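Colleague: Protein chains in written order, with the working numbering: chain A, 1 to 267; chain B, 1 to 267; chain C, 1 to 267.
Please note that a few of the clues may not be correct.
Unchecked claim - DSS-like, lysine-lysine: derived pairs with alpha carbons at most 30 Å apart:
1) B/57 - A/76
2) B/76 - C/57
3) A/57 - C/76
Just so you know, the hints here were simulated from the structure itself, not pulled from any lab data.
Given the structure is predicted, the values throughout are model-derived calculations rather than measurements.
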Amino acid sequence: MTPITLITDFGTKDHYVGSIKGTILRTAPAARIVDITHEIGAHDVVHGAYVLFEAVKTFPPGTVHVAVVDPGVGSKRRILAGRYAGQVVIAPDNGLITLVHRHLPLEEMVSVENTHYFPGPVSQTFQGRDILAPVAAHVASGVPLVQLGPPTASVDILRLPEPVRLEPVGLRGQVLFVDHFGTLITNINVDDLASLFRSRVPMEVYVEDQVVGSVLTTFSDVDINETVAMVGSLRMLEVAVNRGRACDRFAAAAGTEVTLRPADDRT
Amino acid sequence: MTPITLITDFGTKDHYVGSIKGTILRTAPAARIVDITHEIGAHDVVHGAYVLFEAVKTFPPGTVHVAVVDPGVGSKRRILAGRYAGQVVIAPDNGLITLVHRHLPLEEMVSVENTHYFPGPVSQTFQGRDILAPVAAHVASGVPLVQLGPPTASVDILRLPEPVRLEPVGLRGQVLFVDHFGTLITNINVDDLASLFRSRVPMEVYVEDQVVGSVLTTFSDVDINETVAMVGSLRMLEVAVNRGRACDRFAAAAGTEVTLRPADDRT
Amino acid sequence: MTPITLITDFGTKDHYVGSIKGTILRTAPAARIVDITHEIGAHDVVHGAYVLFEAVKTFPPGTVHVAVVDPGVGSKRRILAGRYAGQVVIAPDNGLITLVHRHLPLEEMVSVENTHYFPGPVSQTFQGRDILAPVAAHVASGVPLVQLGPPTASVDILRLPEPVRLEPVGLRGQVLFVDHFGTLITNINVDDLASLFRSRVPMEVYVEDQVVGSVLTTFSDVDINETVAMVGSLRMLEVAVNRGRACDRFAAAAGTEVTLRPADDRT
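Chain A extracted, bound-state conformation:
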């Protein structure tokens, strides 16, 4: 059977993850469940949106992704099931699908409303178990999306910060999130960099007013414990410390300003 992936902010110490897996397997005993993460920051829809997007970029067609970062559980927000790149994403309509929706062609989408596919009592606090898990199991078993509820085209889209051009030349972006290694992942992508570098002006990267240096290609370009700015595996500008933690070195977190400016421009 096609894989069912899980992306949640439930942590791993409670019964939550087990309840979702048990419900999936009770509905579809042959389901193949794949943990992506249960450590999205509590209620951090932006982080969840990036992890979900990366998952859809790497998993094979047919995969069903269940994403549950759901601060509005129990409110009137809908649950969406959308097909992108031959994969199905099932998630609350709260912005989690933003990056998938912006970058991949939507093939079909419905609002999950047909209680035939989630027949049990629905808790006000754990719809991951009571709605998303059984629905995902049915979809992985072959139930067409159109049976889950009415088609819809509207998706709640997050307003994500975009980098801005500096005059006469430069870019001001920010840290989107800090990864497990303490590396700063910024919202400045390779296309932003490419257009900037066409100016042929030597640039340096700054985290607030602290200089990192020019954009290099790999950790091994710098010594251990040295800082490096480079294009990472997400194809976005990252600021790292070789075998160290850039978030500590620069006292940086999500939202911290990162700029590219001409090397001699120490304003």
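Since the structure of chain A is provided, determine the placement of chains B and C on it from the hints.
Modeller: Below, chains B and C without anything else, positioned relative to chain A:
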């Protein structure tokens, strides 16, 4: 093959989880292993008992659950294999099975003693790998429980705190555990609440002497950062902060007193 | 299909683990992925080497192990694929394979260089996704190692600390790592102990200048909260506190000195 779930306090940074999985797969190469949690608090048998109970409530018949929270490893405590609701629970006889045993009908139980099913040397500190893993693999492969050892009916049962009635009307319970979101899960269940509410006296929930408010139905009944008392997905009274951490707000932990009292009773 | 295990230092909060799993499943849709750990200390090749060795000792023949603790990613270090005990280990050539290589007979080994098996663009920072994952999927699908690149016999071996004999009788070793329970795992193994005990001199274990006591066999030999030295499940000397954390009790960490000396030798 039927799923084998794992509920342990081993954490995930060491070789322990891998050793259990490898031993299962060496014994039963087609086994389907499902992680429920490895983050039960070290030696926290009460927390493990709740997670195990929720697992048995959601997984399908045939599932084999391996629960290893085992502060007495190496002592004379037995290892039990019991069938409840068509599922098999394999665990040390230290109270881990308490809630499953109290709430679900026992179909059969044995004391695991037949070394034919765990032929290797048995370490004094890691019987999860040396006994429970191979035994679970054999059970999932179809070995009847009666072959594992002599039938038994005695189970070590935890003495869990029960809520007490207050005069003239009210309930005094306590926090059982704090979940990943910082929400306080109490030992007051829906039946306790239903019998209390028959008095038709308006009640409020208190965490020690701090008022939470009346019992509502969902997070979206309160504003962000507001406290709420409600019946959670375990069908027990929970105290939460909408998108915040109740354990910090109320300086509460397992054992903290939670009461329901008439709204005007500020004693 | 044969299992593919994952041992990494990627943590579980980011997209990294999902990207590796998705890439494996895109290459080999029937792959069975088994998480061993993603919580190896960042860049801690020594810890990774021990976890990998324990995995190879427990998993069945045919298993493919992917180990990614790779501080030198992006540099010229090779990626190796070696067969030991009928299992395949795929890892960077940075010492991760040290213990497997020292203790198990090598059956064949190649340097992974054939880009036919990792056709996509290769990031400078995430070769786990771009090289190791697709290669592991191909090997699990039956591709012979010889097709991955040229045979090699050279492996980067870590210089691990060895215990030294004390005069007239005794051993000085050190803590290799601290496990999830706070137990100190030392580099003194059962063979070291056996040869020492042939002297028939009563010995005591010390953590630096703090006495632990003699070597016992199980936690239940001591009361709760008491310290105990014993041979653990790795068959190495461990120092533990019954239901407590030895690392806190002794202020010990990797590298802390642990000695065995005659009981009356309070030098």
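Colleague: For each hint, tell me whether it holds in the structure or not.
Modeller: Do the hints match the structure? See the list:
no.	hint	result
1	B/57 - A/76	holds, 28 Å
2	B/76 - C/57	holds, 28 Å
3	A/57 - C/76	holds, 28 Å
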